[in-house]
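Peer 1: Listed here are the chains, written in short residue letters.
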Amino acid sequence: MIAARRTAAALSLLLLATPAGAWAQSTEGLGRPPAQESEKKVEAGKLSKLPKQTKFVEADYPPEALAKNIEADVVLTLDIGANGKVTQVGIAEPAQPPGMGFDEAALLAAQQFEFEPAEMNGKPIAVQIGYKYKFRLKAKAPEAAAPAGGEGAPAQGAAAAPKPVVNFSGVLRERGTRLPLAGALVTVFRDEGGATKPLGFEATADATGRFEFYDLAPGDWRVLIDPPGYYPFRTTETVRGGEGVDVTYYVEKASYNPFDVTTTAERPRKEVSRTVLSAKEIDKIPGAIGDPLAVVQNLTGVARTPAFSGQIIVRGSAPRDTRVFVDGGEVPLIYHFGGLRSVIPVGVLESIEFYPGNFSPMYGRATGGIIDVQIKKLQPKKVGGYADVSILDTGVYLEVPIGDKAAIAVAGRRSYLDLVLNALVPDDANVGLVTAPRYYDYQLLANYRPAPAHDLRAMFFGSDDQLKLLFNNPGAIGTEVTSNTFTSSTWFYRSMLQYRYVPSPRFENQFRISQGRSKTENRFGNLAFNLDFYTSQIRDQVRTRFTDSVALTVGADVLFEKTDYLVRLPLPPKEGQPMDNFDATKALESRADNQVWWGPAAHAELELKPLPNLLLLPGVRVDRFGRVRQTVAQPRATARWRLVDTLTIKGGVGLFAQEPDYDETDRVFGNPALKAERAIHYSAGVEYKPRPWITLDVTGFYKTLSDLVSPAAAQPITALDTATPRYNNGGRGRVVGLEVLARHEFTRRFSGWLAYTLSRAVRTDNGSDEERLFSFDQTHILTAIGTYVLPRNWSIGGRFRLVTGNPITPYIGGTFNATNNEYDPISGRVNSRRLGSFHQLDLRLDKRWVYRSWMLTAYLDVQNIYNRANPEGLNYSYNFRQQKSQQGLPIIPIIGLRAEF
Amino acid sequence: MLNRVRLFGALACVLACAGCDDDFDPVTRLKTLRVLAIQSDPIAPAPGEATTFRPLIYTLAAEPVLTYAWSWCPLPGPASQGYPCAVSETDLAALAATAGAPAGALPPYDLGAGPTATFTHTVPPALLQAVCGQVAARNGSGGGAQCPAEGLAVQIKLVVTTATDQIVTVRRLRLRLDNSELPNTIPVITGLVAEIGGAQVPIGKDAALVLPRAKATTIRALVPPSDSEPTAQDPEDPTALPQERLNVSWFVESGDVDNARTGFIAASDDARTDAEKFDRLTRNKWTPGRTRDYPASTSRLIAVIRDSRDGVSWTEGSVSLEGAP
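Protein chains in written order, with numbering that gives the first Met the number 0: chain A, 0 to 900; chain B, 0 to 324.
So that you can see chain A by itself, here it is in the shape it has in the complex (with noise of 0.2 Å):
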């Protein structure tokens, strides 16, 4: 479904950037075939072939407007097939005046129209493009019309001048974008002796936008452009005899919705599970302020968490069991402190690429799902950037092509919640900010194409996080707070290298290399959690196609990290475990310095298609764990076979492995003897496509959990023995689900999607038979969203969740301790008890203005529209005899700016 839509936005863009055949048929202009040339701009990833069209039908003129001189354009969207036929027409921009006749006529014409089917890597593809077919009455053609760049033939019907003299010329932009506006048809025109003789001619801008007109006499002309999807742009031009006019031109779109401009066709589905959303989805999905990672949680197989908690919880696994990529790279610190923001904002995205499970070997080390964020493909035709401005921070963002072949682009963005909250906590408050929450994020991307079958990319990105507090009263906070300060600082870098070879259809090598620094000093008191962490990771892939129905992709996936630290913390609780009351007196101590781990994989999946529509893609992956010593061969297979062009069916099975946490293969935290855990998923579904913009996909999942890393139950009661490891891999687990997801993709106005995952997580600690609930089980997880584009720039979307409560495990009293004065808790049966349902409405409103070089956005996001008092847990008395439930987060409304140039 994706891949066709965004095949489709990318062949639209090439036709109407094609001025031979940007423009459909008219009736008195037939037949030049569209976009031959782009037919050079094989690269990887994107067609190898636009469709060429072989055969016009031309629509009848309709009568009424044929009696009444009345001309029009209809913009269609066409619908063709592998093998170059016509499926299905539709009608992107009716007629104007409307009920004429003209939308049915071209309808009936197009359906006739045969084409040269698109090619992907060299195999007919189906694809949707955008069509203008242009009503036009012979006896009111321009009498001549001079071609765009061209060799200037004369104009005005007059005898063949020797040396035709530009006098008009110009340049079309889009109207805030500063885009050229290539293809596009100027018409000059004024009245010569009364209505009755019409004169006027016609260009069409080239590829840089540039028109001429050659020899036009002295004296006013109007000018009309009136290019499909523009408002039409009418002025008037005086040309005097030995003067040349030249002129720029900003046409305004009718529509910068902001869906139109994806440009790269997208790979091939091979996964059972896969979702792509775009930045420019990722931008607008109310309730997620623009935050990447947040929009993920509004998928299929994810439960819901507390705003800014950043945990991602896929499919019933912990939030540590899904990993976040980057490029293909890994990265741990992906939020400002912990979850309040992603550090890379959604304007360096490309997209985000979501598997909930059954995941390609190329991705490893995780038992959950997959978050692979894409960073931008630079690709600008001029300098271009944008300023944000939203509640929490700003950023910019600036790109700058270098010739043809490279670009580079840089980014920034820096919070101000320190600014506000020094303006709201009082001087005499029990907690005081000698540094508020402040952090900041870079990011410096540059391409480099010296030819198409290379791509070089790098990526230098990293984030800063500050806060310091004051106690004032360290009393309010506990007894056994040993300091007046908190600090906390956190920072850290990558560097990522990419460099991707594919020199043909047959053969591809991608090679990566990242390194990186984390850094975090955390300190309480006597409390400290400091951690010096570097990471390099190697990657290289290549696939080999060695015939039509059998490919080979195999890589290597190298991780090296060294450590140094020092961790002075009570013992964290784990997943099951009660929340006890923070016991500063109780924590442990575990440092090292030049701790080394290597963490080495291989992988390898095999592309077989021993029928045309099936595809069978088994692999392998084998990691080897540094940290718990051990080697994991992990297989894994899907399926794809599609049944006719509108439904396919699929499965995969594999085995996936992770090392524990770190605290809990650290010998004072936890068990150096820990081995891995392991999860098989097994998932099978149906994708079913009724329209190419729409796709309906349901998805069953069964997942098992072993070797979890348990508590150890014995250790509460028999202290003395010291034999017992804290931990060990006795936990185990389940997890049933069903996933339905429809989605619509963009196409005139709307876009959204409605998911709904129903399933049940359940775990056993430390080999018992008892089953609990996972923290997280949500049963029925529903989420609804929509955008729709309204006209004159405005958008509103609108999300919907209703969301079973989580379960939780209720203190069942207290007991006070004298020591320290505080009730500590009594808990009661593990998750034993459900909070109640979640339901929340988020309403987005956007709205452009459009200046000549610029634009502004602005946008209005309130969350919770109706104040809805949703459990977030449960809040007690004193000494946990009272409970009541504990509200989220009230309506809260959002406002934001952005200005593009």
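Derived by calculation from the structure, the hints in this document are not laboratory data. Where is the CB? At the ideal position from N, CA and C, for every residue including glycine. Just so you know, not all the hints are guaranteed correct.
No farther apart than 35 Å at their CA atoms in a straight line, the calculated lysine-lysine pairs in the DSBU-like style are these [to be verified]:
1. B:K214 <-> A:K585
2. A:K467 <-> B:K284
3. A:K585 <-> B:K30
4. B:K30 <-> B:K284
5. A:K883 <-> B:K284
6. A:K380 <-> A:K404
7. B:K214 <-> A:K122
8. A:K84 <-> A:K279
9. B:K214 <-> A:K467
10. B:K30 <-> A:K883
11. A:K404 <-> A:K51
Far from chain A by the CB rule (all over 10 Å, computed), these chain B residues [to be verified]:
12. P106
13. D255
14. L280
Based on the hints, put chain B in the right spot on chain A.
Peer 2: Using the frame of chain A, we list chain B on its own:
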């Protein structure tokens, strides 16, 4: 381990929300049976020394305490299970035997059912060291680690019962290894005052002072600076000065106080002087309740002071409350 960053983040949020209001009665308001403190005198008994436990209990006159049950445990279990004793007397006796302690040397877990209790420190130092070693091994510090200078912390438990209620209270008791360290002295509050018109007016037990209802009055606990005694430097916290930390917990029968607890930490990590920090320890604001919420004409005020080495004491006063509102 990076998840620990989130833990600190969550901690920061908790700290930022400290004092956030809710609909429950505040911990400072005395309405039903409460155990507010248990004093141990001396604070940390040396070998052979006896210590007496004295509880501070608030109860309504109509609901007197019916029973007391005192016990001790060398290794308490998790708080989430109500601090069950994690080692039985039999196991402890066996461990004591392996440490060379004579049979019967250990005090029984049951410390009696009186309003106060006495614990005689007869635990052999060898057994203390053995237990410390076990705990240290469990915490990854290696077997055979020595007990800290302040001794082994054991737990004292008190169960108080009235006709309709029961409160379980625990506190820490440090069993010193020997007599070499100077014992901690119990901190004291020498009095309570209210600041009225720029003057400090004593709050005695006779309810002579009249305070307005529904209006904040600054109150102070008179704490001598010497309550914060010198201590050993904390090697794990270089910002902490070698001086005891102090906390005052405030309780009232009527209305609310601004801070349930005020604290003092002598530390080099902020620009305030120790005098400024100490002032914050002793100062609070009390807003007695309106007549409709608290009809009685007098209200008790109790302040409990704790130092960071388990020293605790308290004082109380009473005020008369104006009529309406």
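Peer 1: Each of the hints needs a verdict: does it hold here or not?
Peer 2: Hints, verified against the model:
Proximity of K214 (chain B) to K585 (chain A) is assessed by CA-CA distance (about 41 Å); at most 35 Å being required, the pair is judged violated. Between K467 (chain A) and K284 (chain B) the CA atoms are separated by roughly 27 Å; this keeps the pair inside 35 Å, and the hint holds. For the given pair, K585 (chain A) sits about 32 Å from K30 (chain B) by alpha-carbon distance, which is consistent with the 35 Å threshold. Proximity of K30 (chain B) to K284 (chain B) is assessed by CA-CA distance (about 20 Å); at most 35 Å being required, the pair is judged to hold.
With a CA separation close to 28 Å, the supplied pair K883 (chain A) and K284 (chain B) stays within the 35 Å bound. In summary, the hint linking K380 (chain A) to K404 (chain A) is supported, as the alpha carbons are separated by about 11 Å, within the 35 Å threshold. Pair hint K214 (chain B) plus K122 (chain A) does not hold up; C-alpha atoms about 83 Å apart against a cutoff of 35 Å. Proposed proximity of K84 (chain A) and K279 (chain A) is supported: the alpha carbons are some 32 Å apart, at most 35 Å.
Our distance criterion of 35 Å between C-alpha atoms is met by K214 (chain B) and K467 (chain A), whose separation comes to about 34 Å. Between the alpha carbons of K30 (chain B) and K883 (chain A) the distance comes to roughly 20 Å, so the proposed pair stays at or under 35 Å and holds. Pair hint K404 (chain A) plus K51 (chain A) holds up; C-alpha atoms about 27 Å apart against a cutoff of 35 Å. P106 (chain B), annotated as away from the interface, keeps every beta carbon of chain A farther than 10 Å; the closest lies near 18 Å.
Taking the minimum C-beta to C-beta distance to chain A, about 13 Å, the non-interface status of D255 (chain B) holds against the 10 Å cut. Its closest Cβ contact with chain A, about 7 Å, brings L280 (chain B) to no more than 10 Å, contrary to its assignment away from the interface.
The earlier numbered hints that this structure contradicts are 1, 7 and 14.
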